[in-house]
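As you go down the protein sequences, you meet chains A and B in turn. Just so you know, the first sequence maps onto residues 385 to 716 in this note's numbering. Just so you know, the second sequence maps onto residues 1021 to 1382 in this note's numbering.
Check before you lean on any hint, since a few could be wrong.
[Said to hold, decoys possible] Cut-off 25 Å, straight-line C-alpha distance, at most; resulting in silico cross-link-like pairs (DMTMM-like, lysine to aspartate or glutamate): (1) A:K712 with B:D1373; (2) A:K659 with A:E436; (3) B:K1299 with B:E1314; (4) B:K1176 with B:E1117; (5) A:K530 with B:D1076; (6) B:K1138 with B:E1117; (7) B:K1176 with B:D1188; (8) B:K1124 with A:E490; (9) B:K1176 with A:E490; (10) B:K1292 with B:E1314; (11) B:K1242 with B:E1198; (12) B:K1325 with B:E1240; (13) A:K664 with A:E490; (14) B:K1176 with B:E1148; (15) A:K712 with B:E1134; (16) A:K608 with B:E1139; (17) B:K1138 with B:D1076; (18) B:K1189 with B:E1353; (19) A:K712 with B:E1353; (20) B:K1325 with B:E1314; (21) B:K1292 with B:E1353; (22) B:K1124 with A:E615; (23) A:K559 with A:E574; (24) B:K1176 with B:E1132; (25) A:K608 with B:D1076.
[Said to hold, decoys possible] Some, not all, of what chain B presents toward chain A, calculated at C-beta under 7 Å: (26) F1036; (27) F1039; (28) N1101; (29) S1106; (30) G1122; (31) L1268.
No lab work stands behind these hints, which were simulated from the structure alone. Ideal placement from N, C-alpha and C gives every residue a C-beta, glycine not left out.
In case you want the letters, here they are:
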Amino acid sequence: MRSFRSQQDPECGIVTTGIPGQIEELNLDPSAPILPVQRTGRESISRFLRSETGKGWLTISPPLLYAMLLLIGPIIVIVANSFWSQDYLTIDRTFTLENYRAALTEPIYRDLLMRSLFISVTVAFVTVVLAYPIAWFVSFYGGRYKGLWLFIITVPFWSGYLLRILSWKVILGYKGVLNTGLMHLGVITEPLSSLIYNVNAVIITLAHSWAAFAILPLFVSLEKLDRSLLEAAADLGDGPVRRFLRITLPLTIPGIIAALMIVMIPTVGDYVTPKLVGGKDGVMIANAIQVQFGRASNWPLGAALAVSTMIIVSLVAGTIVLALAGLKRLLK
Amino acid sequence: MTTSPMIEIRNVDKNFGTFRALDTLNATIGEGEFFSLLGPSGCGKTTLLRMIGGFDDPSSGEILIGGRSMAGIPPNLRPTNMVFQSYAIFPHLNVAENIAYGLKRLRLGRAEEEKRVKEALDQVELSELGPRMGNQLSGGQRQRVALARALVMRPKVLLLDEPLSALDKNLREQMQVELRHLQRQIGITFVLVTHDQYEALSMSDRIAVMFGGQIAQIAEPKEIYQNPATRQVADFLGGMNFLTSSHLSVNGKNFAATLPGIGDITGHLAGKTISDPAKAIIGIRPERLRIVWEGETADPIVTGKVADRNYFGEVTSLAVNIEGQNQHLSIVETNDFGADDIPVGSDIRITYDRDAFIVMQG
Ligand SMILES: Nc1ncnc2c1ncn2[C@@H]1O[C@H](COP(=O)(O)OP(=O)(O)OP(=O)(O)O)[C@@H](O)[C@H]1O
Ligand SMILES: [Mg+2]
């Protein structure tokens, strides 16, 4: 290989010693021992590209490149912006922490952030609690029709996101399905105004929006659960409830974590649902961020809010993951 | 049987769709008995064991344990514990926690629980592995954890589905002795599934030999070996020479036949009824045939030619071609006198015990 290459391409066979002007002919005898020689940058790059690691990097470089461009790029722009300031339409690129001070200390943003976290964590748990039995049922009793069941579950999600939110407006609204229904039944005499335009409406709507995304990872982890473990637990004396708590639940914790994260992380940043069904009490941090990037035209503050939210959500998510991992050790 | 029945299997059928996995099984297993289910792969051993444990229901018929019908009683309420063929070790628990799993519910107290777990770990030689996680074990280690996990419960009935199949020879033999010892000591009823004939022969009080979802014979090991009921049973347990015969006749408790190349022989029916002598078959175990060495005399004598020779260490197996017999006769001889040196193709003289012939239903 080596000698073949050097005859074909003299550049590969000739190695400089590192001293300019002094060029040595490499011994072309393949049996001769290869002496350690200083290599040029070019030689070592081509060597690296032929190595196992080099080939690996080469193979993943196109996707790596666009992943960098598409994922890291925007984040860099946001992070950079968050340290700048804006005066009407001009961006001042001198470093400042003023945006973060505002984002983290001004009561309005703090409240919005806390509310957003509360809503997203609640939505995530509500969604998982509602989705788990469905996933469990499909996995354990779906039989031959598992595929069909999953298909049916995803059907509502073929309609647009806005459509689903608006249909909740129809259900929860002042003259909505729920109110008129309850009035017909005589449960209430005049429509309840507490159904919509508040935090609860946001939670209900979001939980419904994300249900399918929670069901799928839960279903997958339940499918992976070895049924003979449940038989063994039954054999050792556990009834259905204990079997669930001691075997099914701990072994599906990865699915639960995945479902929680899949729901929680995007819901923090949702601004359409709070806008449509949240009213004034249901405003979330993403609405504030949107305003900064839009009408208020303060990109740096918007960016600082976004970055702060991102970091705090990551911390909360990490805490939840650790707590669930601890729970897994407790359930024996 | 001397003891009272522990498990009664009455006319049990099991169908999976249109496939009949078990066909009208009947058996009674005594209290404290070591009962083995022996048979080739796919004959329904696991299926039967799972029905005793409550993991499957019979399609018809019933199973009684301790005199109580088990219909509709889930596994957790049955006085049985099972060692699963697939081990089913809990991956999220370590070895000690796996073993303690069933004890937790009994609320024995910490000291007693730990003592029992340690005892069980010692019994299966895993004392060092207590803290190792369930998903970090080798096949044989898993199997031993599964065994310990069931043993520690001290159930009335222990169902073992090939509990030693993944162990090396030495450890397996040691475990066999250990299990047998334990079973005698605490008087548990054992139902052992195996397809290792020596395991079944050496450990069991009685053996049920199964083929294709049916029980072919239930008897004590010696009886099964010496007096197999059917050709299949004989073939499955140890080697058997099936002989070409003519003029097979049954007379009272005896039978007689002419074996081409061997001569006229007689034998005992040993309690069997041969309904159709035309379909019966005569056999002799390889170890009941012996080589007659140069200079020795014997009566009767049969001559033949060595067609093949296989060396097994302490013994050698010879395939001998005898004029008039359709199949080679297999002889197993110890190597003390040089059976391992007999050249293939040489002439050989053999003799047999006159009472060694068995008649079987074909
Ligand atoms: N759930 C099932 N559905 C359909 N057929 C099954 C099912 N379980 C077992 N069988 C069939 O029933 C027959 C008996 O199976 P079983 O597992 O009892 O065999 P086995 O005697 O334990 O064999 P092995 O020694 O290989 O473990 C097999 O032919 C098997 O394919
Ligand atoms: Mg089996």
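Outcome of the hint check:
In summary, the hint linking K712 (chain A) to D1373 (chain B) is not supported, as the alpha carbons are separated by about 68 Å, beyond the 25 Å threshold. Distance hint between K659 (chain A) and E436 (chain A) is unfulfilled; the C-alpha atoms sit about 52 Å from each other, more than 25 Å. Of the supplied pair hints, the one linking K1299 (chain B) and E1314 (chain B) is violated, its CA atoms being roughly 38 Å apart against a limit of 25 Å. Annotation: proposed proximity of K1176 (chain B) to E1117 (chain B) holds, straight-line Cα distance about 22 Å (limit 25 Å).
Taking the CA atoms of K530 (chain A) and D1076 (chain B), the gap is near 22 Å; set against the 25 Å cutoff, the hint holds. About 11 Å separates the Cα atoms of K1138 (chain B) and E1117 (chain B), which keeps this hinted pair within 25 Å; it holds. Of the supplied pair hints, the one linking K1176 (chain B) and D1188 (chain B) is violated, its CA atoms being roughly 29 Å apart against a limit of 25 Å. Between K1124 (chain B) and E490 (chain A) the alpha-carbon distance is near 53 Å, which puts this suggested pair outside the 25 Å criterion.
Taking the CA atoms of K1176 (chain B) and E490 (chain A), the gap is about 70 Å. The hint is violated against a cut of 25 Å. A C-alpha spacing of about 39 Å is found between K1292 (chain B) and E1314 (chain B), which places the hinted pair above 25 Å, so the restraint is violated. The suggested pairing of K1242 (chain B) with E1198 (chain B) holds, with an alpha-carbon distance near 22 Å, which does not exceed 25 Å. Distance restraint check for K1325 (chain B) and E1240 (chain B): the Cα-Cα separation of roughly 36 Å exceeds the 25 Å cut-off, and the hinted pair is therefore not satisfied.
Restraint check for K664 (chain A) and E490 (chain A): the C-alpha separation of about 18 Å stays at or below 25 Å, so the hint holds. Using a Cα cut-off of 25 Å, the hinted pair K1176 (chain B) and E1148 (chain B) is violated, with the two alpha carbons roughly 29 Å apart. Distance check on the hinted pair: K712 (chain A) and E1134 (chain B) sit about 22 Å apart at the alpha-carbon level, within 25 Å; holds. In summary, the hint linking K608 (chain A) to E1139 (chain B) is not supported, as the alpha carbons are separated by about 33 Å, beyond the 25 Å threshold.
Distance check on the hinted pair: K1138 (chain B) and D1076 (chain B) sit about 33 Å apart at the alpha-carbon level, beyond 25 Å; violated. As the CA atoms of K1189 (chain B) and E1353 (chain B) are separated by approximately 23 Å, the hinted pair is consistent with the 25 Å bound. Proposed proximity of K712 (chain A) and E1353 (chain B) is contradicted: the alpha carbons are some 61 Å apart, above 25 Å. For the given pair, K1325 (chain B) sits about 15 Å from E1314 (chain B) by alpha-carbon distance, which is consistent with the 25 Å threshold.
For a cut-off of 25 Å, the pair hint linking K1292 (chain B) to E1353 (chain B) is broken: about 29 Å separates their Cα positions. Only pairs whose Cα atoms come within 25 Å are accepted, and K1124 (chain B) paired with E615 (chain A) is accepted, the gap being roughly 17 Å. Taking the CA atoms of K559 (chain A) and E574 (chain A), the gap is about 10 Å. The hint holds against a cut of 25 Å. Our distance criterion of 25 Å between C-alpha atoms is met by K1176 (chain B) and E1132 (chain B), whose separation comes to about 20 Å.
A C-alpha spacing of about 22 Å is found between K608 (chain A) and D1076 (chain B), which places the hinted pair at or below 25 Å, so the restraint holds. Interface restraint check for F1036 (chain B): the shortest CB-CB distance to chain A comes to about 15 Å, outside 7 Å, so the restraint is violated. For F1039 (chain B), the interface hint is violated, the least distance from its beta-carbon to any beta-carbon of chain A being 17 Å, above 7 Å. Evaluation of the N1101 (chain B) hint against chain A yields a held restraint, the C-beta minimum of about 6 Å falling below 7 Å.
Interface hint at S1106 (chain B): satisfied, since its Cβ lies 5 Å from the closest Cβ of chain A, which is below the 7 Å cut-off. Contact between G1122 (chain B) and chain A, as hinted, is supported at the beta carbon level, the nearest pair being about 3 Å apart and thus within 7 Å. The interface hint given for L1268 (chain B) is violated, since its Cβ lies 50 Å from the closest Cβ of chain A, which is over the 7 Å cut-off.
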